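A.B. asks: The lines below spell out each chain.
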Amino acid sequence: MRRIFTALALALALAAPASLPAQSAPAVPTQAAAQVTQAPTEPSGLPLNAPPPTTLRAYWHVFAALAIAWLLLFGYTLVLGRRFATLDREIRQLRAEGPPA
Amino acid sequence: MTEVQTDSLASTRRWAIGLSLAAAAGVLATLWMVFFYVPTESTMGVVQRIFYVHVPSAWNAFLAFVIVALCSLGYLWLHDDRLDAIAVSAAEIGVIFTTIVLTTGPLWASIAWGAWWVWDPRLTLTLLLWFIYVGYFMLRGATENPERGKRFAAVLGIVGAIDIPLIHLSVLWFRSQHPKPVILKPEGPTADPRIVQTLLLGFLSFTLLFFALLLLRYGVERMRRSVEALRYRQAMDSPVTHDSQGVYR
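As they're listed, the protein sequences go chains C and R.
For the first sequence, position 90 (counting from the first letter as 1) is numbered 178 according to the numbering used here, and the numbering increases by one without interruption.
For the second sequence, position 240 (counting from the first letter as 1) is numbered 526 according to the numbering used here, and the numbering increases by one without interruption.
Hints are not guaranteed to be accurate.
To spell it out: a stretch of chain R is covered by chain C in this simulated footprint if at least three of its residues, at any positions, have a beta carbon under 8 Å from a beta carbon of chain C; those stretches are [to be verified]:
id, segment
1, 327-340
2, 389-399
3, 494-503
Honestly, the hints are just simulated from the structure, not real lab data.
As the structure is a prediction and not an experimental result, all values here were calculated from the model.
No residue lacks a Cβ here, since even glycine has one placed at the ideal position from N, Cα and C.
In isolation and in its complexed conformation, chain C is listed as follows (with noise of 0.2 Å):
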């Protein structure tokens, strides 16, 4: 019993210097964190929550998706005409032939 207690004091004084900054976190924010909050601006002048850069990542991927919603829907839509024409010609075809004798 007496080992436990030890090993769990241990422990307890092992963890204790981890979780510490964490609780001791300072309540009211420092002059460099008002800072920020007060002037977020970067050295050019803009500000720090302008539009994020517009990569050519970002632009590819705005392309990509374009190009395979357009080529499903036209791809789709060859596909339709061509098995209206088909369609059609096997109608023309079964009638021209009318019933058997």
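For chain C, the structure is supplied; the task is to place chain R on it using the hints.
C.D. replies: Showing chain R alone in chain C's frame:
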């Protein structure tokens, strides 16, 4: 089996061409707005422009599957073959639009979330919707009796539509990474007016495109059934003969 009327087919074709032209004009205007009119969204940047294809496609998929459910209900009640033809046509187009949603979404997510796919409730339920309506076609083809297949598929078409309100409400009910509605809100749209205008034009042009495709697909379905009816009639009218091997023809 019924044979399709040539006049009704010509009318369907005329409507499909008219709607296609209107949809093409709308889509071109939407694309112009997406690239030259709408502002870049402040948190996600350029990639947010996928929104104008992704959301109208989702709307069209939902519209398609609601039509499937209503026509399936009508088919089970009235046994009208035309309702089944509309249902199967709408289901096919719904699967196409759901495929667009499921491919454009990950392209957007990979930039916005840093992951192509997450097992978020809305994403998972949308994938489930796609599987349900792919299963709808498999079920139709799996039965030996076509009429039975139509009935089974109609039941699945109705049950599958329950997933639609679940998809819409999942972002409100569960903790979700997917953005919440920005237009369909009780207090009205909160986005920039140019974003709302572009999205509304996208909705309109995609809806016109949906109805153009639906008419075209419905015409094809009626013609397919007409060919089957003509073949069946010819087979019934022809005298049964057999060749030298005893195979009946």
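A.B. asks: Mind checking, does the segment 389-399 of chain R have 3 or more residues with a CB under 8 Å from chain C?
C.D. replies: Since three or more residues must qualify, the claim that chain C covers the segment 389-399 of chain R holds, with 6 doing so at under 8 Å.
A.B. asks: At least three residues with a C-beta closer than 8 Å to a C-beta of chain C: is that true for the segment 327-340 of chain R?
C.D. replies: It holds: at least three residues are needed, and the segment 327-340 of chain R offers 11 whose Cβ sits within less than 8 Å of chain C.
A.B. asks: Three or more residues of the segment 494-503 of chain R near chain C by CB distance under 8 Å?
C.D. replies: Answer holds; 4 residues pass the 8 Å Cβ test.
Consistency with the previously given hints is maintained throughout, with no hint failing.
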